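J.: Required output: the full structure, derived from the provided sequences and hints.
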Amino acid sequence: MADHLTFRDMPLDEIDRNDRTYAIRFPFLTEKSEKWHSLTSSIRQVGLLHPPLIQKKRNGLFRIIDGFCRLKSAQFLEFIDLPVAILPAEIDAWQCWKAVVHSRQFGQPMNDVEIGVLLRKIKSGFELTHKELCRQVTSRFGMEISPKFARELIALADLPNPCRELVTRESLPLKTARLFSLFETDDQVRLVRFFDIFRFGRNKIRELLIFIEEICRRDEILVPDLLDQIEKPATEETRSLPQLAESVRKKIHRMRFPILSRHRERFDGFHSSLKLPPWIRLAAAPHFENNYLETRFRFSSRKELEAILKKLEEIRRHPNLEMMLESI
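Numbering (my numbering), first residue to last: 1 to 328.
If you are wondering where the hints come from, they were derived from the structure by calculation, not from laboratory data. Please read all numbers here as calculations on a predicted model, not as lab measurements. Honestly, I wouldn't trust all of these hints.
Stated by the list, open to error - Computed list of lysine to any residue pairs in SDA-like fashion (alpha-carbon distance at most 25 Å, straight line):
(1) K232 <-> P258
(2) K123 <-> N161
(3) K232 <-> Q188
(4) K56 <-> L77
(5) K35 <-> E90
T.: Given below as C-alpha coordinates:
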(Lines of atoms letter the chains of each structure in order from A and count residues from 1; the text may use other names and numbers.)
(Lines give C-alpha, C1' and ligand atoms only; values in the text may rest on other atoms or scores of the structure.)
Protein backbone atom coordinates (compact mmCIF):
# COMPACT_ATOMS: atom_id res chain seq x y z
CA MET A 1 0.00 0.00 0.00
CA ALA A 2 2.91 2.36 0.67
CA ASP A 3 3.68 2.39 -3.08
CA HIS A 4 0.30 4.01 -3.74
CA LEU A 5 0.62 6.82 -1.19
CA THR A 6 1.04 10.47 -2.09
CA PHE A 7 2.66 12.73 0.49
CA ARG A 8 2.04 16.46 0.58
CA ASP A 9 0.99 19.34 2.79
CA MET A 10 -2.74 19.99 2.87
CA PRO A 11 -4.94 22.76 4.30
CA LEU A 12 -6.69 21.51 7.41
CA ASP A 13 -10.08 22.68 6.17
CA GLU A 14 -9.96 20.19 3.26
CA ILE A 15 -10.22 17.30 5.73
CA ASP A 16 -13.66 16.25 6.98
CA ARG A 17 -12.97 16.03 10.71
CA ASN A 18 -16.55 14.91 11.43
CA ASP A 19 -16.25 11.76 9.32
CA ARG A 20 -15.44 9.01 11.84
CA THR A 21 -16.02 6.02 9.57
CA TYR A 22 -12.64 4.51 10.49
CA ALA A 23 -12.37 5.81 14.06
CA ILE A 24 -12.05 3.02 16.63
CA ARG A 25 -9.96 4.55 19.45
CA PHE A 26 -11.41 4.26 22.93
CA PRO A 27 -11.31 5.90 25.37
CA PHE A 28 -11.39 9.11 23.36
CA LEU A 29 -8.37 11.37 23.70
CA THR A 30 -9.40 14.46 25.67
CA GLU A 31 -7.51 17.64 26.43
CA LYS A 32 -7.32 16.59 30.10
CA SER A 33 -5.50 13.30 29.49
CA GLU A 34 -1.76 12.76 29.87
CA LYS A 35 -1.58 11.16 26.41
CA TRP A 36 -3.10 14.30 24.90
CA HIS A 37 -0.53 16.55 26.56
CA SER A 38 2.31 14.23 25.54
CA LEU A 39 1.15 14.04 21.91
CA THR A 40 0.48 17.77 21.63
CA SER A 41 3.82 18.64 23.19
CA SER A 42 5.63 16.33 20.76
CA ILE A 43 3.87 17.78 17.70
CA ARG A 44 4.53 21.32 18.91
CA GLN A 45 8.27 20.59 19.22
CA VAL A 46 9.02 18.41 16.19
CA GLY A 47 5.90 18.54 14.02
CA LEU A 48 3.93 15.63 12.55
CA LEU A 49 6.57 12.96 11.93
CA HIS A 50 3.89 10.38 11.16
CA PRO A 51 1.39 12.07 8.78
CA PRO A 52 -2.31 11.17 9.11
CA LEU A 53 -3.58 8.77 6.45
CA ILE A 54 -6.50 10.17 4.43
CA GLN A 55 -8.55 9.39 1.31
CA LYS A 56 -10.59 11.66 -0.97
CA LYS A 57 -14.38 11.35 -0.80
CA ARG A 58 -16.93 11.96 -3.53
CA ASN A 59 -17.79 15.39 -2.13
CA GLY A 60 -14.20 16.55 -2.61
CA LEU A 61 -13.24 16.55 1.06
CA PHE A 62 -10.84 14.00 2.53
CA ARG A 63 -11.78 11.27 5.01
CA ILE A 64 -9.41 10.32 7.84
CA ILE A 65 -8.34 6.67 7.73
CA ASP A 66 -5.72 6.75 10.48
CA GLY A 67 -4.40 9.57 12.65
CA PHE A 68 -7.49 11.07 14.30
CA CYS A 69 -5.60 12.05 17.46
CA ARG A 70 -2.67 13.56 15.55
CA LEU A 71 -5.04 15.62 13.44
CA LYS A 72 -6.97 16.77 16.51
CA SER A 73 -3.72 17.90 18.14
CA ALA A 74 -2.71 19.75 14.97
CA GLN A 75 -6.06 21.51 14.98
CA PHE A 76 -5.59 22.44 18.65
CA LEU A 77 -2.17 23.87 17.81
CA GLU A 78 -3.83 25.94 15.06
CA PHE A 79 -2.02 24.35 12.14
CA ILE A 80 -3.18 25.78 8.83
CA ASP A 81 -1.47 23.15 6.67
CA LEU A 82 -0.21 19.76 7.76
CA PRO A 83 1.64 16.85 6.12
CA VAL A 84 -0.63 13.98 5.08
CA ALA A 85 -0.39 10.61 3.35
CA ILE A 86 -3.12 10.28 0.71
CA LEU A 87 -4.59 6.95 -0.38
CA PRO A 88 -5.90 6.78 -3.97
CA ALA A 89 -9.69 6.95 -4.21
CA GLU A 90 -9.80 3.50 -5.85
CA ILE A 91 -8.40 1.78 -2.74
CA ASP A 92 -11.40 -0.11 -1.33
CA ALA A 93 -12.77 -0.12 2.21
CA TRP A 94 -11.18 -3.47 3.06
CA GLN A 95 -7.74 -2.02 2.31
CA CYS A 96 -8.55 1.02 4.42
CA TRP A 97 -9.54 -1.16 7.36
CA LYS A 98 -6.38 -3.19 6.86
CA ALA A 99 -4.38 0.05 7.18
CA VAL A 100 -6.20 0.84 10.45
CA VAL A 101 -5.49 -2.60 11.91
CA HIS A 102 -1.88 -2.56 10.67
CA SER A 103 -1.29 0.81 12.33
CA ARG A 104 -2.56 -0.47 15.68
CA GLN A 105 -0.55 -3.68 15.45
CA PHE A 106 2.65 -1.63 15.28
CA GLY A 107 1.54 0.84 17.94
CA GLN A 108 -0.53 0.52 21.08
CA PRO A 109 -2.50 -2.77 20.89
CA MET A 110 -6.28 -2.51 20.60
CA ASN A 111 -8.26 -3.05 23.79
CA ASP A 112 -11.46 -5.13 23.82
CA VAL A 113 -13.71 -2.11 23.30
CA GLU A 114 -11.72 -1.02 20.24
CA ILE A 115 -11.81 -4.52 18.76
CA GLY A 116 -15.56 -4.54 19.35
CA VAL A 117 -15.97 -1.18 17.58
CA LEU A 118 -13.84 -2.45 14.68
CA LEU A 119 -15.92 -5.62 14.31
CA ARG A 120 -19.22 -3.75 14.62
CA LYS A 121 -18.28 -1.23 11.92
CA ILE A 122 -17.02 -3.91 9.53
CA LYS A 123 -20.05 -6.14 10.14
CA SER A 124 -22.43 -3.24 9.54
CA GLY A 125 -20.52 -1.71 6.63
CA PHE A 126 -20.24 -4.95 4.66
CA GLU A 127 -23.55 -6.44 5.90
CA LEU A 128 -21.91 -9.63 7.16
CA THR A 129 -23.15 -12.38 9.45
CA HIS A 130 -21.05 -13.09 12.53
CA LYS A 131 -19.65 -16.18 10.84
CA GLU A 132 -18.74 -14.26 7.66
CA LEU A 133 -17.25 -11.47 9.76
CA CYS A 134 -14.92 -13.85 11.59
CA ARG A 135 -13.85 -15.53 8.37
CA GLN A 136 -13.02 -12.18 6.77
CA VAL A 137 -11.05 -10.66 9.67
CA THR A 138 -9.13 -13.91 10.08
CA SER A 139 -8.12 -14.14 6.42
CA ARG A 140 -7.54 -10.40 5.88
CA PHE A 141 -6.10 -9.25 9.22
CA GLY A 142 -4.89 -12.45 10.88
CA MET A 143 -7.31 -11.89 13.79
CA GLU A 144 -8.63 -15.30 14.83
CA ILE A 145 -12.00 -14.64 16.47
CA SER A 146 -14.92 -17.04 16.94
CA PRO A 147 -18.51 -15.94 16.21
CA LYS A 148 -19.35 -16.20 19.93
CA PHE A 149 -16.39 -14.01 20.87
CA ALA A 150 -17.29 -11.55 18.11
CA ARG A 151 -20.83 -11.21 19.48
CA GLU A 152 -19.48 -10.51 22.96
CA LEU A 153 -17.03 -7.90 21.71
CA ILE A 154 -19.68 -6.15 19.62
CA ALA A 155 -22.05 -6.14 22.61
CA LEU A 156 -19.26 -4.54 24.62
CA ALA A 157 -18.83 -1.86 21.96
CA ASP A 158 -22.58 -1.14 22.15
CA LEU A 159 -22.47 -0.30 25.88
CA PRO A 160 -22.78 3.40 26.81
CA ASN A 161 -19.53 5.32 27.13
CA PRO A 162 -19.39 5.33 30.98
CA CYS A 163 -19.57 1.52 30.97
CA ARG A 164 -16.92 1.22 28.28
CA GLU A 165 -14.67 3.63 30.19
CA LEU A 166 -15.03 1.51 33.34
CA VAL A 167 -14.25 -1.66 31.39
CA THR A 168 -11.04 -0.22 29.92
CA ARG A 169 -9.93 1.61 33.08
CA GLU A 170 -10.34 -1.43 35.35
CA SER A 171 -9.36 -3.94 32.63
CA LEU A 172 -12.60 -5.81 33.30
CA PRO A 173 -12.72 -9.27 31.69
CA LEU A 174 -15.44 -9.86 29.12
CA LYS A 175 -17.36 -12.17 31.45
CA THR A 176 -17.77 -9.22 33.83
CA ALA A 177 -18.47 -6.60 31.16
CA ARG A 178 -21.12 -8.90 29.72
CA LEU A 179 -23.11 -8.61 32.98
CA PHE A 180 -23.95 -4.98 32.18
CA SER A 181 -26.22 -6.28 29.40
CA LEU A 182 -28.56 -7.59 32.13
CA PHE A 183 -29.58 -3.97 32.80
CA GLU A 184 -31.27 -1.19 30.86
CA THR A 185 -29.02 1.54 29.43
CA ASP A 186 -29.92 4.15 32.06
CA ASP A 187 -29.34 1.59 34.81
CA GLN A 188 -25.94 0.70 33.33
CA VAL A 189 -24.84 4.34 33.60
CA ARG A 190 -26.23 4.59 37.14
CA LEU A 191 -24.29 1.48 38.16
CA VAL A 192 -21.04 2.92 36.83
CA ARG A 193 -21.58 6.07 38.87
CA PHE A 194 -22.20 3.91 41.95
CA PHE A 195 -19.02 1.88 41.37
CA ASP A 196 -17.01 5.07 40.83
CA ILE A 197 -18.18 6.62 44.11
CA PHE A 198 -16.78 3.73 46.15
CA ARG A 199 -13.86 2.89 43.82
CA PHE A 200 -14.73 -0.79 43.57
CA GLY A 201 -12.12 -2.92 41.77
CA ARG A 202 -12.64 -5.52 39.07
CA ASN A 203 -13.35 -8.49 41.37
CA LYS A 204 -15.89 -6.62 43.50
CA ILE A 205 -17.65 -5.19 40.43
CA ARG A 206 -18.46 -8.65 39.08
CA GLU A 207 -19.86 -9.83 42.41
CA LEU A 208 -21.93 -6.67 42.89
CA LEU A 209 -23.40 -6.73 39.38
CA ILE A 210 -24.62 -10.28 39.98
CA PHE A 211 -26.05 -9.51 43.42
CA ILE A 212 -27.73 -6.24 42.40
CA GLU A 213 -29.43 -7.86 39.40
CA GLU A 214 -30.67 -10.75 41.57
CA ILE A 215 -31.95 -8.43 44.34
CA CYS A 216 -33.81 -6.19 41.89
CA ARG A 217 -35.40 -9.15 40.13
CA ARG A 218 -36.39 -10.93 43.35
CA ASP A 219 -37.68 -7.87 45.21
CA GLU A 220 -39.07 -6.12 42.12
CA ILE A 221 -37.15 -2.95 42.92
CA LEU A 222 -35.70 -0.50 40.40
CA VAL A 223 -31.92 -0.25 40.18
CA PRO A 224 -31.79 3.51 41.00
CA ASP A 225 -34.04 3.00 44.04
CA LEU A 226 -31.89 0.17 45.35
CA LEU A 227 -28.65 2.08 44.85
CA ASP A 228 -30.12 5.18 46.52
CA GLN A 229 -31.02 3.08 49.56
CA ILE A 230 -27.44 1.87 49.81
CA GLU A 231 -25.54 4.94 48.67
CA LYS A 232 -27.08 7.83 50.60
CA PRO A 233 -26.56 6.51 54.16
CA ALA A 234 -23.02 5.39 53.29
CA THR A 235 -21.92 8.75 51.86
CA GLU A 236 -23.04 10.50 55.05
CA GLU A 237 -20.59 8.47 57.15
CA THR A 238 -17.13 9.75 58.04
CA ARG A 239 -15.15 6.54 57.57
CA SER A 240 -12.39 6.16 54.99
CA LEU A 241 -13.33 5.24 51.42
CA PRO A 242 -12.04 1.63 51.67
CA GLN A 243 -14.06 1.17 54.88
CA LEU A 244 -17.17 2.61 53.25
CA ALA A 245 -16.71 0.39 50.19
CA GLU A 246 -16.42 -2.73 52.33
CA SER A 247 -19.46 -1.68 54.38
CA VAL A 248 -21.49 -1.19 51.19
CA ARG A 249 -20.35 -4.54 49.79
CA LYS A 250 -21.41 -6.30 53.00
CA LYS A 251 -24.77 -4.54 52.97
CA ILE A 252 -25.47 -5.72 49.43
CA HIS A 253 -24.40 -9.22 50.42
CA ARG A 254 -26.84 -9.14 53.37
CA MET A 255 -29.63 -7.96 51.08
CA ARG A 256 -28.90 -10.76 48.63
CA PHE A 257 -28.65 -13.46 51.32
CA PRO A 258 -30.80 -12.23 54.25
CA ILE A 259 -31.25 -15.59 55.99
CA LEU A 260 -27.61 -16.58 55.63
CA SER A 261 -26.55 -13.13 56.86
CA ARG A 262 -28.75 -13.43 59.96
CA HIS A 263 -27.21 -16.81 60.73
CA ARG A 264 -23.72 -15.38 60.25
CA GLU A 265 -24.36 -12.36 62.47
CA ARG A 266 -25.89 -14.55 65.18
CA PHE A 267 -22.96 -16.95 65.05
CA ASP A 268 -20.39 -14.13 65.07
CA GLY A 269 -22.03 -12.63 68.15
CA PHE A 270 -22.06 -16.02 69.87
CA HIS A 271 -18.44 -16.63 68.92
CA SER A 272 -17.35 -13.23 70.24
CA SER A 273 -19.08 -13.80 73.56
CA LEU A 274 -17.05 -16.98 74.13
CA LYS A 275 -13.73 -15.08 74.07
CA LEU A 276 -11.91 -18.14 72.77
CA PRO A 277 -8.10 -18.20 72.87
CA PRO A 278 -6.35 -18.47 69.49
CA TRP A 279 -5.60 -22.18 69.90
CA ILE A 280 -9.31 -23.07 70.03
CA ARG A 281 -11.39 -22.63 66.90
CA LEU A 282 -15.15 -22.88 66.67
CA ALA A 283 -16.62 -22.85 63.18
CA ALA A 284 -19.82 -23.40 61.23
CA ALA A 285 -20.11 -24.47 57.61
CA PRO A 286 -19.55 -21.50 55.22
CA HIS A 287 -23.23 -21.36 54.25
CA PHE A 288 -24.55 -23.06 57.40
CA GLU A 289 -25.51 -26.01 55.24
CA ASN A 290 -24.74 -28.49 58.05
CA ASN A 291 -26.63 -28.61 61.34
CA TYR A 292 -23.58 -28.72 63.56
CA LEU A 293 -20.70 -26.63 64.84
CA GLU A 294 -17.13 -27.78 64.57
CA THR A 295 -14.38 -27.15 67.08
CA ARG A 296 -10.64 -27.55 66.60
CA PHE A 297 -7.88 -27.12 69.10
CA ARG A 298 -4.19 -27.82 69.61
CA PHE A 299 -2.03 -28.38 72.69
CA SER A 300 1.52 -29.37 73.53
CA SER A 301 1.20 -30.07 77.26
CA ARG A 302 -1.22 -31.49 79.82
CA LYS A 303 -1.71 -28.00 81.23
CA GLU A 304 -2.79 -26.64 77.87
CA LEU A 305 -5.18 -29.58 77.40
CA GLU A 306 -6.74 -28.93 80.80
CA ALA A 307 -7.25 -25.27 79.85
CA ILE A 308 -8.90 -26.35 76.62
CA LEU A 309 -11.23 -28.78 78.40
CA LYS A 310 -12.18 -26.03 80.82
CA LYS A 311 -13.00 -23.72 77.92
CA LEU A 312 -15.05 -26.42 76.22
CA GLU A 313 -17.02 -26.82 79.43
CA GLU A 314 -17.72 -23.07 79.36
CA ILE A 315 -19.02 -23.45 75.83
CA ARG A 316 -21.27 -26.34 76.94
CA ARG A 317 -22.73 -24.20 79.72
CA HIS A 318 -23.13 -21.05 77.60
CA PRO A 319 -26.76 -19.83 77.81
CA ASN A 320 -26.92 -19.14 74.07
CA LEU A 321 -25.55 -22.49 72.93
CA GLU A 322 -28.96 -24.13 72.44
CA MET A 323 -30.27 -21.13 70.54
CA MET A 324 -27.20 -21.19 68.32
CA LEU A 325 -27.55 -24.91 67.58
CA GLU A 326 -31.25 -24.57 66.80
CA SER A 327 -30.63 -21.78 64.30
CA ILE A 328 -28.15 -23.63 62.08
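J.: If a hint holds in the structure, say so; if it doesn't, say that too.
T.: Structure-based check of each hint:
no., hint, in the structure
1, K232 <-> P258, "holds, 21 Å"
2, K123 <-> N161, "holds, 20 Å"
3, K232 <-> Q188, "holds, 19 Å"
4, K56 <-> L77, "holds, 24 Å"
5, K35 <-> E90, "violated, 34 Å"
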